[in-house]
Amino acid sequence: MDPINFVILASILFAIGAAAVLLRRNAIIAFMGVELMLNAANLALVAFSRMHGEIDGQIMAFFVLTVAAAEVVVGLGIIIAVFRARQTISLDEPAELKG
Amino acid sequence: MSFTTPEIAWAPLTPLLIVLGASAVAILVESFVRSPETRRRTQLVLSLVALVGAAGAAVVQWATLDGAGTVVLDGMLTVDRQSLAWQVLILVFGTLGTLLFASRTRAGEEAFTPLGASAPGSSDETLARRKGLQVTEVFPLALVAVGGMMLFTSVTDLIFLFVALEVFSLPLYVLVALARRRRFLSHEGALKYFLLGAFSSAILLFGAAFLYGATGSTSYAGVAAGISSSTGTDALILAGAVMVVVGLLFKIGAVPFHSWTPDAYQGAPTPVTAFMGAATKAAATAALLRVMYAALYGLNWELSWLFWVVAIASMLLGTVVALVQTELKRMLAYSSIAHAGFILVAFAGLPDTALSALPFYLASYGLATMGAFAVITQVRERSDEGTVLGEATRLGQWAGLGKRSPWLAGAMALFLLSFAGIPLTAGFVGKFVAFSAAISSGAWPLVLVAVIASAAAAFFYVRLIVLMFLTDVPEGQEDAIEIDYSPLARTVVAVTAVLVLLLGIVPGPVLSAFENAGVLLLGAGG
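Residue numbers (our numbering), protein chains in the order written: chain A, 1 to 99; chain B, 1 to 526.
Source of the hints: derived by calculation from the structure; they are not laboratory data. Check each hint, because a few of them may be wrong.
[Claimed, not checked] If the Cβ cut is set under 7 Å, some of the chain B residues that face chain A in the computed set are: (1) Val163; (2) Ala177; (3) Leu195; (4) Ala209; (5) Tyr212; (6) Gly216.
All residues carry an ideal CB built from backbone N, CA and C; glycine is no exception.
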């Protein structure tokens, strides 16, 4: 199969992830959207790597995996702290900051 | 398949290794030193020694640099005068920020919550407070953030750009969430900062993937070569370039990628706001400069519309919305958005002079920012019973501050005048060099908008000065404000005030130093 198909798939996944971040009001779902975007980028990197016939893109994907794991730790930590404080993780609910 | 060990030139990495090594040691201190008070002192000394030592190492390197600079790690990292200048700048902000992190009120209260995991108002929190717990993790977190920012200013590879971005962003998200008071606001600011920050770094990464796909290389030099020889991949290159630039504009805080700024600035503990406001903007500007000049220079014409639109939108929106703010930290946040616009003015047309103008602009802006937020930590509310509460950040509460504490109010006025760009302050020289760089590339309409926006912005800075000096303390409110005294925070105020004045009156030496830094080591690596 032509690797360009994977790039198209990656773009679609990226768009779905971006839409989830921008449209969903639940912090966890929005965060899942971010993760989907990162993984879409990984897929694109690996596909391009295959197209170029070298491994730079695959190595980059490993870095992204590691960073994404660190990001999950920090992100879930913050979301749990918010949930403990106010028993909800809706992004509409916290509205103390305005203007 | 055989692997060859890469040759690594360790010496040019010394400042980075000092800071990142110290952060690793600081994490060990966190685990092995049990008494909170000893731990705090150890961490403070360790951080300051590391930051000052790294700054010294960077200065020594600057002095002994032979030729244009060195390429390290197969072109992943470039150490030239430009990157050393930014590194020193970030280390200065880091040192001042660490002093603010460690400052305490007269009653011995830090700016950070005693236990980050406890829910606000819970019995856990009360217990943690009574036991005298302290979140001394803020010091290693700040060190990691400083190390990441230093990396961010020197990287010349798209993989490393993304990694460095996350290395300095992740600790900042945590720091924003750790305020002692108004913890709901702090959590909310951190959540928004985190989601939008992660969103923007994903956009940057996807853009980097596109650039890699179109040019077959992740190094800036390879991307630049790929752009000039590209055939049939123009759309892919342009989409990738726009996404990388947008990811960086998020970190600079320019409109329409600014929506995290006011919330994160207001919610974060004020010392964190000071550090983040000064250092993040500097690091992101440095990275954007290098990306634009070393990798995407061939797309200068195609991308200039982006800088025009974003610069004008940031200047106008930042200024107009700051005019109607009644909360001080929020007002400064919108002012920082307007300043992001002023920074981007120098990017229009990519003149060579921007490489020496922007470090100066960011130095003047960052020092004034740190000073202004340090003053804010000193002005506190007092309850009817006389206990000192959190910071007084409503504008009305600052009425008559000049009579209560002339020096503090005077320093604040100096910082505000520097933001406004009044002559004899560093802000004036900064704006002058940045705008003349833009004019040299023919972007005079943009400079015209910038000058008008600066004049309008002066209104809300001067309004606060009038409030401090020409308004009386409201009737019956005489005891509502407490002027706190923390030696560390006062030191930061004094140092930044002196530097803002010095850079405004005798900018020559620093300007000529940055002129030497205005040359990038291009085309190296692979």
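Okay, the hints, checked on the actual structure:
1. Using the Cβ-Cβ criterion of 7 Å, the hint placing Val163/B at the interface with chain A is satisfied: the shortest such distance is roughly 6 Å.
2. Taking 7 Å as the C-beta cut-off, the interface hint given for Ala177/B holds, the closest approach to chain A being about 6 Å.
3. Because the smallest distance between the Cβ of Leu195/B and any Cβ of chain A comes to about 6 Å, under 7 Å, the interface hint for this residue holds.
4. The criterion of a C-beta within 7 Å of any C-beta in chain A is met by Ala209/B, whose closest approach is roughly 4 Å, and the hint holds.
5. Interface restraint check for Tyr212/B: the shortest CB-CB distance to chain A comes to about 6 Å, inside 7 Å, so the restraint holds.
6. The closest approach between the C-beta of Gly216/B and any C-beta of chain A is roughly 5 Å, which is under the 7 Å cut-off, so the hint is satisfied.
Taken one by one, the earlier hints all hold for this structure without exception.
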